[in-house]
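Enquirer: Each chain is listed here by its residues.
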Amino acid sequence: MTARSPIPGKLIAVEGLDGSGKSTQIYLLKRWLELRGYKVFFTEWNSSTIVRQATRKGKKRQLLTPTTFSLIHCTDFADRYDRTILPLLNTGAIVLADRYIYTAFARDAVRGCNRDWLRSLYSYARRPDLTFYFKVPLDVALGRILEGRPQLKYHEAGMDLNLSTDPYESFRLFQGMIQEEYERLTGEFDFMVVDATAAPEQQQLDVRRVVEERIELGNYRWRIPAPYAAALDFGYWNARDMQSKVDDRNA
Amino acid sequence: MPRGFYRSGLPGTGAEELRGKLIVVEGADGSGRSTQVQMLRDALERSGHATVDVGLKRSRLVGRELDGAMQGNILSPRTLTLFYATDFADQLENRIVPALKAGFVVLADRYIYTLMARALVRGGQREWLQEVYGIALVPDAVFYLGVTPRLLAERNLRRNSVLDYWEAGMDIRRSGGMYENFIRYQRLIQREFRAMESLYDFETVNGNRAPKIIFRELIGKIELLLK
Chain Z
490 MTARSPIPGK LIAVEGLDGS GKSTQIYLLK RWLELRGYKV FFTEWNSSTI
540 VRQATRKGKK RQLLTPTTFS LIHCTDFADR YDRTILPLLN TGAIVLADRY
590 IYTAFARDAV RGCNRDWLRS LYSYARRPDL TFYFKVPLDV ALGRILEGRP
640 QLKYHEAGMD LNLSTDPYES FRLFQGMIQE EYERLTGEFD FMVVDATAAP
690 EQQQLDVRRV VEERIELGNY RWRIPAPYAA ALDFGYWNAR DMQSKVDDRN
740 A
Chain W
869 MPRGFYRSGL PGTGAEELRG KLIVVEGADG SGRSTQVQML RDALERSGHA
919 TVDVGLKRSR LVGRELDGAM QGNILSPRTL TLFYATDFAD QLENRIVPAL
969 KAGFVVLADR YIYTLMARAL VRGGQREWLQ EVYGIALVPD AVFYLGVTPR
1019 LLAERNLRRN SVLDYWEAGM DIRRSGGMYE NFIRYQRLIQ REFRAMESLY
1069 DFETVNGNRA PKIIFRELIG KIELLLK
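In order, the protein sequence lines correspond to chains Z and W. Here the first sequence stands for residues 490 to 740, where the numbers follow the numbering used here. Here the second sequence stands for residues 869 to 1095, where the numbers follow the numbering used here.
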């Protein structure tokens, strides 16, 4: 097992329901780190090009069972892990992951996969140094996603679970089950819980503060500074400065 | 009836509802494996057994994609293992299990053991592989056709006039030509099979002999199993 082996890089993951705002927050974290001149990279769940084709076909033709759904995503993740995430960590970069193995733990367990099997399946993947869980009441997350009556994809809505024939109702039930799994994972994997109902600025502030506290950021600077970093300095470079801006605005 | 699953099994599938028989034939390319599967199928169908055959890279889900990925050889051994596991699981759930429920004899032209042996010689961890393939059914019988590497090379060359890149282990080649690598790689694979023999209750069959003789041995054993 390679979990927690001494690799110079740092891995930060965000997890949470669709509509929890985690992607916005990790984007802001990335901007903050890169503008300060740190070696930071971003990776998303399910974005490897090689396996994507097969995943897409399986989803479109509804060929997937809980087991093959889980395995194909794990294949996809392995490709991304071995070719991107692990090399980046080995070079001593900060890697930001929008969803990580916990997404699979939650989603696949809801579909009925054995929880121990899932943990073994992904045991090669290094545990993040920090995992932020964006905790949000189900209604709020659902409201953010369903407000525009989006076209929900079959698996996204959890239609394969036969919870309801109505995609929106199915999505609601499915997300509720995923949330329960996330609650279970929070303690097991030591998630940092972020109140995702707070103002986005406040959430970002909390995230940055934790990152500053837990990671010796000075070790992750590019040897060559980022081109505009100095010019772009308008006073948001540390959490304290940003807190004062937020406080000013709230005053 | 298969004797259950190795570890976690498949969600929603109970081994007790599987009435058929799962028979596995393992061996390298050129071991006569596919010939034997074909002969067994003919014999079983002649005597009225409904059969289904499965093999590697034959799933509807990823069979073709997996083949394509092998051509390029850019996936890590770990990714390939998981890709193969996906292919295996798809066939397990969509072909093997339904056929066994219906009382068929399932003939597997290779099974998880080849996949594990290949992964192990590439540095895969045994415990992890056992967990990944813990979804597999324990077959009613596993026959491993052992053929000396030199004879395997000869048979492959006779059939195709080239040695297959993967069967020669060229992705993990050392110095030397393709022939030397083929021999070395097949020896490593055989060592893994020997290590699995008692763990998974294989019957090793001497595959150096003529196909007819091997067939008589196999069908004799299978008929006993089907009684």
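By construction, these hints were calculated from the structure, which means they are not laboratory data. Glycine included, each C-beta is placed from N, C-alpha and C at the ideal position. Warning: the hint list may mix true and false statements.
Said to hold, decoys possible - List time: in silico PhoX-like cross-link candidates among lysine-lysine, alpha-carbon distance up to 25 Å:
#1 546/Z to 925/W
#2 549/Z to 925/W
#3 1089/W to 548/Z
Stated by the list, open to error - Derived coverage of chain W by chain Z (criterion: at least 3 residues anywhere in the stretch with Cβ under 8 Å from a Cβ of chain Z; other residues may be distant):
#4 872-882
#5 891-901
#6 918-930
Enquirer: Can the restraint linking residue 549/Z and residue 925/W be considered satisfied, given a maximum Cα separation of 25 Å?
Expert: holds (20 Å)
Enquirer: Go check the segment 891-901 of chain W versus chain Z for me, would you? Three or more residues, Cβ under 8 Å, otherwise it fails.
Expert: Per the Cβ count (0), the hint is violated.
Enquirer: Would you say the segment 872-882 of chain W counts as covered by chain Z, given the rule of at least 3 residues with C-beta under 8 Å?
Expert: It holds: at least three residues are needed, and the segment 872-882 of chain W offers 6 whose Cβ sits within less than 8 Å of chain Z.
Enquirer: Under 8 Å between beta-carbons, do enough residues of the segment 918-930 of chain W, three at least, approach chain Z for the coverage claim to hold?
Expert: Held - the segment 918-930 of chain W has 3 residues with a Cβ nearer than 8 Å to chain Z, which meets the minimum of three.
Enquirer: Does the structure keep residue 1089/W and residue 548/Z at a Cα separation of 25 Å or less?
Expert: violated (42 Å)
Enquirer: Tell me if the straight-line CA distance from residue 546/Z to residue 925/W falls inside 25 Å.
Expert: holds (16 Å)
Hints 3, 5, counting from the list given before, are not met by this structure.
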